[in-house]
Amino acid sequence: MATTNPKSSPTLLQPINPVGIVGYGAYVPRYRLPAREVARIWTGGKGSTPIKEKAVPGLDEDVITMSIEAARNALLRSQIDPCDIRAVWVGSESHPYAVKPTSTVVAESIGAVPNTQAADWEFACKAGTEAIVAAVGFVGSGMAKYALAIGMDTAQGKPGNALEYTAGAGGAAFLLGPAGESLAIINASYSYVTDTPDFWRRPEAKYPEHGERFTGEPAYFHHITEAGQALMQSMNTKPQDYKYAVFHQPNTKFPQRVAKMLGFEFEQIEPGLLVSVIGNTYAGAALIGLSAILDIAKPGDRILMVSFGSGAGSDAFDILVTEAVSDRQNRALKTKDYIARRTEIDYATYVRYRGKLASK
Amino acid sequence: MEIARHWRLKKQRYGLVGEVCPHCEAKIFPPRDICPSCGQEARDLYQFSGRGEVYSYTTIYQAPSGFDETAPYTVALVKLDEGPIITAQLTDLEDDKVEIGMPVEMVTRKLRTDGDERGLLVYGYKFRPFQNIPQKNEALPH
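As given, the protein sequences belong to chains A and B, one line each in that order. Under this note's numbering, think of the first position of the first sequence as 1, with each following residue one higher. Under this note's numbering, think of the first position of the second sequence as 1001, with each following residue one higher.
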């Protein structure tokens, strides 16, 4: 299938063979903690809240179980044989083990073992898009026919901290394969990375630390705008060329503001803007926005996705939806189906579900 | 610590992989050497669909060691679409009253920790109320 690649640029990441998304799948756990519950406990219910509510994993859920379900949805949509997958890569900052891969359990569960790569990726909130860039390289070089890249998180928020309102749970899986089989072609990507200390968690720490206002201008806004602008410049595109755009969404304000800075209208980002109802899903945040967009996309639609990971960097993608999308959208639960599946919990239940009670 | 057992059972636990008898075509779960239907040797792996219905159930309040973190929880006998009846926990139940005959589907979840917080995490099948995911071979609406 022909792609819309313009003249090549030394900064763009483009494979030798065109690559696309052959299947995708979302997952969001069913429990919701309203932000007003956090406010009730910590501010006497006063002050504004950054989102409406966030998704909370159940007692038997973690990044492994959530990745398995998203991967199964991606397989349902692609209908490929899992034995043909040559890489299972899971990006997260909430891997259940410090040492022992998430990805081997996922690969075993979906029947992709043993002839496959498996690895866990870590780059704060852009670990998932890192895995996609690598998967594009793996498939585009001809080394693999299919590679599975997942971004999934059960984010940590210190009790009483601003992050506790938003640190949510969810993500999405993307099965990369030959462009000719794809429901969306990845025309190109571009990565922009610097050493910027805006947010971190040390190995033994349960909760992350962040640089307060430093997380905005020099971190989130700088990296997303640089990556987005460089990609559009190299692709010779304008914001108006994209039907949809999705940016990392740590709260409702940041993605709306960065969209405006880059010249996008609210209508372009609205379908992928899920943070107000599921929270910040960290490594899953940009990706689950993309899965919500692909759920409604039509052939010919063009999508710009720019992730952001603290530490810091952004991956920007130029994606073109193909004719194959229409058949595959309904083969698995859609992102909105998971969001609609909702059980509200109070702060006490949240404290139990997230293991914030110390009994010894 | 039962590492060897967890490792040996991973395929059936993670993905509901059982067997199909090459002689009488009975679907077998858990997998075993001899077909319980015809008594002949059965070793062909079979991927169960994960669909079934609640045959019977009970709620556990006094959980055995290792499961107390998630109590109370509901355990069911689930009759799989392919025939076998298996025991499993039900999950994601909050708004759904459990009834005999209720359609359920398999999900892979964390079953327990083997030992304390330093121990192995044990994953395996549970069932939740059916979420109406279209099946692979059904005609799909456009």
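One should not assume that every hint holds.
[As the list claims (entries may be wrong)] Heads up, simulated DSSO-like pairs for lysine-lysine below, C-alpha to C-alpha not over 30 Å straight-line:
1) A:100 x A:298
2) A:145 x B:1010
3) A:238 x B:1097
4) A:100 x B:1079
5) B:1010 x A:52
6) A:145 x A:253
7) A:100 x B:1011
8) B:1027 x A:336
9) B:1010 x A:253
10) A:100 x B:1097
11) A:100 x A:52
12) B:1011 x A:52
13) B:1097 x A:145
14) A:356 x B:1079
[Stated by the list, open to error] In silico negatives: residues of chain B with every beta carbon more than 10 Å from chain A:
15) 1011
16) 1015
17) 1027
18) 1030
19) 1031
20) 1062
21) 1066
22) 1086
23) 1089
24) 1092
25) 1094
26) 1100
27) 1108
Treat the hints as calculated values from the structure; they're not laboratory data. Note that the Cβ used here is the ideal one computed from N, Cα and C, for glycine as well.
Status of the hints after comparison with the structure:
A distance of roughly 40 Å separates the Cα atoms of residue 100 (chain A) and residue 298 (chain A); the hinted pair therefore is violated under the 30 Å criterion. For the suggested pair residue 145 (chain A) and residue 1010 (chain B), the alpha carbons sit about 26 Å apart, so the restraint of at most 30 Å is met. A C-alpha spacing of about 52 Å is found between residue 238 (chain A) and residue 1097 (chain B), which places the hinted pair above 30 Å, so the restraint is violated. Our distance criterion of 30 Å between C-alpha atoms is broken by residue 100 (chain A) and residue 1079 (chain B), whose separation comes to about 34 Å.
Restraint check for residue 1010 (chain B) and residue 52 (chain A): not satisfied, since their Cα atoms lie roughly 39 Å apart, outside the 30 Å limit. Between the alpha carbons of residue 145 (chain A) and residue 253 (chain A) the distance comes to roughly 39 Å, so the proposed pair goes past 30 Å and is violated. At roughly 18 Å between alpha-carbon atoms, residue 100 (chain A) and residue 1011 (chain B) fall within 30 Å of each other, so this suggested pair holds. The suggested pairing of residue 1027 (chain B) with residue 336 (chain A) is violated, with an alpha-carbon distance near 35 Å, which exceeds 30 Å.
Taking the CA atoms of residue 1010 (chain B) and residue 253 (chain A), the gap is near 44 Å; set against the 30 Å cutoff, the hint is violated. Restraint check: the Cα-Cα separation between residue 100 (chain A) and residue 1097 (chain B) comes to about 37 Å, which exceeds 30 Å; the hinted pair is violated. For the given pair, residue 100 (chain A) sits about 35 Å from residue 52 (chain A) by alpha-carbon distance, which is inconsistent with the 30 Å threshold. A hinted pair counts as satisfied when its Cα atoms are at most 30 Å apart, and residue 1011 (chain B) with residue 52 (chain A) does not qualify at roughly 40 Å.
For a cut-off of 30 Å, the pair hint linking residue 1097 (chain B) to residue 145 (chain A) is broken: about 44 Å separates their Cα positions. For the hint pairing residue 356 (chain A) with residue 1079 (chain B), the CA-to-CA distance comes to about 37 Å; that exceeds 30 Å, so the pair is violated. Non-interface status of residue 1011 (chain B) relative to chain A is broken: a Cβ of that chain comes within 10 Å, the nearest being about 7 Å off. For residue 1015 (chain B), the non-interface assignment is contradicted: its Cβ lies about 6 Å from the closest Cβ of chain A, within the 10 Å cut-off.
Non-interface call for residue 1027 (chain B) relative to chain A: holds, since the shortest CB-CB distance, roughly 17 Å, exceeds 10 Å. Distance to chain A confirms residue 1030 (chain B) as a non-interface residue, since its nearest Cβ pair spans about 17 Å, more than 10 Å. With a cut of 10 Å on Cβ distances, residue 1031 (chain B) stays outside the contact zone with chain A, its closest approach being about 15 Å. No Cβ of chain A comes within 10 Å of the Cβ of residue 1062 (chain B); the nearest lies about 17 Å off, and the non-interface call holds.
Residue placement check: residue 1066 (chain B) keeps its beta carbon more than 10 Å from all beta carbons of chain A (closest about 13 Å). Residue-level check passed: residue 1086 (chain B) sits 17 Å from the nearest beta carbon of chain A, beyond 10 Å. Chain A draws residue 1089 (chain B) into its interface by the beta-carbon criterion, the shortest separation being 8 Å against a cut-off of 10 Å. Residue-level check failed: residue 1092 (chain B) sits 6 Å from the nearest beta carbon of chain A, not beyond 10 Å.
Listed as outside the interface, residue 1094 (chain B) is inconsistent with that label: its C-beta sits roughly 4 Å from the nearest C-beta of chain A, within the 10 Å cut-off. Annotated as non-interface, residue 1100 (chain B) keeps its C-beta farther than 10 Å from every C-beta of chain A; the closest such distance is 23 Å. The beta carbon of residue 1108 (chain B) is not kept farther than 10 Å from every beta carbon of chain A, the shortest such distance being approximately 5 Å.
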